[in-house]
Amino acid sequence: MSEILLDIKNIRLSFFTAAGEVKALNDVSIAMNRGDVLGIVGESGSGKSVTAYSIMGLTAHPGKLIAGSIEFNGEMINEMSEKEMRNLRGNEVSMVFQDPMTSLNPVYTVSNQICESIMLHTGKNKKDAQKRALELLDLVGINEPQKRMKQYPHELSGGMRQRVMIAIALACEPKLLIADEPTTALDVTIQAQILELMMELKEKIGMSIIMITHDLGIVANMCSKIAVMYAGKVVEYGSVDEIFYNPMHEYTKGLLNSIPKLYEKERTKLIAIEGTPVDLLNAPEGCPFAPRCDSCMKICLRKMPEYTAVKDDHYSACWLLQREEFAQGGKSNE
Amino acid sequence: MNKRLVEVQNLKEYFHAGGSPFKPKYIKAVDDVSLHIDRGETLGLVGESGCGKTTIGRTIIRLYEPTSGKIIYDGVDITKVNMFPYRRKMQIVFQDPYASLDPRMTVGDIVGEAIDIHKLAPTKRDRGDKIISLLERVGLNCEHANRYPHEFSGGQRQRIGIARALAVDPEFIVCDEPISALDVSIQAQVINMFESLQEEMGLTYLFIAHELSVVKHISNRIGVMYLGKIVELANNYELIFHCVHPYTKSLISAIPVADPIQSRKNKRIILDGDVPSPLNPPSGCRFRTRCRYATEICSQQEPELKEVSAGHFAACHNLDKVQ
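Note that the protein sequences, when read in sequence, are chains A and B.
Position in the first sequence counted from 1, then plus 69, gives you the working numbering.
Position in the second sequence counted from 1, then plus 48, gives you the working numbering.
A few of these clues could be false.
Only pairs whose alpha carbons sit at most 25 Å apart, straight line, appear in this in silico SDA-like list of lysine to any residue [to be verified]:
1. A:K334 <-> B:D177
2. B:K315 <-> A:I99
3. B:K313 <-> A:K133
4. A:K271 <-> B:R312
5. A:K338 <-> B:G88
6. A:K133 <-> A:S150
7. A:K334 <-> B:S311
8. A:K334 <-> B:R312
Everything labelled a hint here was simulated from the structure, so no lab data went into it.
Given only the sequences and the hints, what does the whole structure look like? Please build it.
Rendered as structure tokens:
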């Protein structure tokens, strides 16, 4: 069994809307090992959710994967038929969505919704499926699972609903769990419960997690690797400590400087990133962050930088990192 | 001039929530809260959803009529008066910049509406100049005045909301979760703007948010709320580093810190269960159902807000046991 669980290579994905082509993902490559917790951070519209959806094959019309390959557990996802995909979804890769109220079906009971996935993938009969559902509810820390089984989503609190979502996602013990902002709709104390639960279950089941979030605090707590996305590109990738203590990309640095620190004893002014995120409908040539970057050079506006490896497992796409190579004449300065 | 700009005494705000006419049910959104805000300071209010922080903000500027209690503004009791003259002094910035701007009005009219109502511009030209100077103050420009809200991003809309609040030259602004709908990199821009506006215009803020790190950054003092009550109130650094109430402690430890080494060191206190319904809050101390220090007295008697050190208040029976 190879170490690498997921290998996304150079994917490009666009949404063909009436207004034009929206380049949601522009040459994204991410690799992930078994047992890792990968955090994808970025602003809204940076393509973090779309990346996850493309792994599940959920980018339906008008979205289209134009180029690149996605390899999961040794199989090419992008070449699979719809039938094979259905077997994969919920069975080997599953997903927890942001808003538990809209992602649960309001007219079915909790029991129905959990059993659906179990019966579909394992071929168990209803009675066995319900038994398994009870186990799952117990696993995700819901008290009185017997009673909850018969309830509808509206009877549960937000945290409880998210636990049900996790139970559904874990029904077939997937190899990979994709959590798309799983705690954004929840309060801090409930968020802490859910994050704790996810880490516990990761150890128990031995799955890998992709955590999509805009909260740098959550990634610092949970993840081993981080991919920072901006305007449909991974601008920096590295281990948690590298990203937080040795950020290389100007956007990552800006992001870290712009959040207020809870344990700081003096009041310092926040350093904001000026400007607004780019419009992907007519994305600029060159580095997408260039218009907001303080150390923008001429070349940044013309050409997208290649990745520069800072260390093993830490790379970043920024012209500043290649400046030394310019000086040495290693690369032609266009 | 009073040092205390806003003072709230024993404020209660109950919302009617069904029941029979003879036995109506009430949601006690705010239950017996007293606080004051000094001139030029920022008081932060934090708490989970449904704890009543927004209700306090709205009741102070009397968008809701208080069930009982007193609101004192600059030494005058405004609980029952005609609010028109006070609307010039007290303003609010709402949470959702998508829902709080009228989509059919141009930005110029949104900002100018208050100027018209309070007759602050004698001529049309004055009005136009005033609108432009307001937009420039919040980092927009004069071209934006003729556009509609849908043409703007979330951060820009929030700026419009702030320009609207500033239109009448207020002294006091209630900021009701003004940054929670914004992207991280935009949040810092808006926070910085609130700070520089405060310096320039000597504003007083009531800053309501659920993110403690943001509130700590912008406030001088912070009040922590739980189910309609203030459980702890202190200076911002005092509250973060020397909090005494078990709820505040768990709230602070639950916040994921954006610092991997620090977060590995921190011991999380994970609270069990959910916030109880405000329709039927627990007897005595409202936090007791989730509190690990709860004893018998907690279910019988409601703890009062007591001063534990200078300017630091907490409401708990078992403060000596809490570690």
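Here is what the structure says about each hint:
| no. | hint | in the structure |
| --- | --- | --- |
| 1 | A:K334 <-> B:D177 | 42 Å, violated |
| 2 | B:K315 <-> A:I99 | 32 Å, violated |
| 3 | B:K313 <-> A:K133 | 44 Å, violated |
| 4 | A:K271 <-> B:R312 | 18 Å, holds |
| 5 | A:K338 <-> B:G88 | 18 Å, holds |
| 6 | A:K133 <-> A:S150 | 15 Å, holds |
| 7 | A:K334 <-> B:S311 | 17 Å, holds |
| 8 | A:K334 <-> B:R312 | 20 Å, holds |
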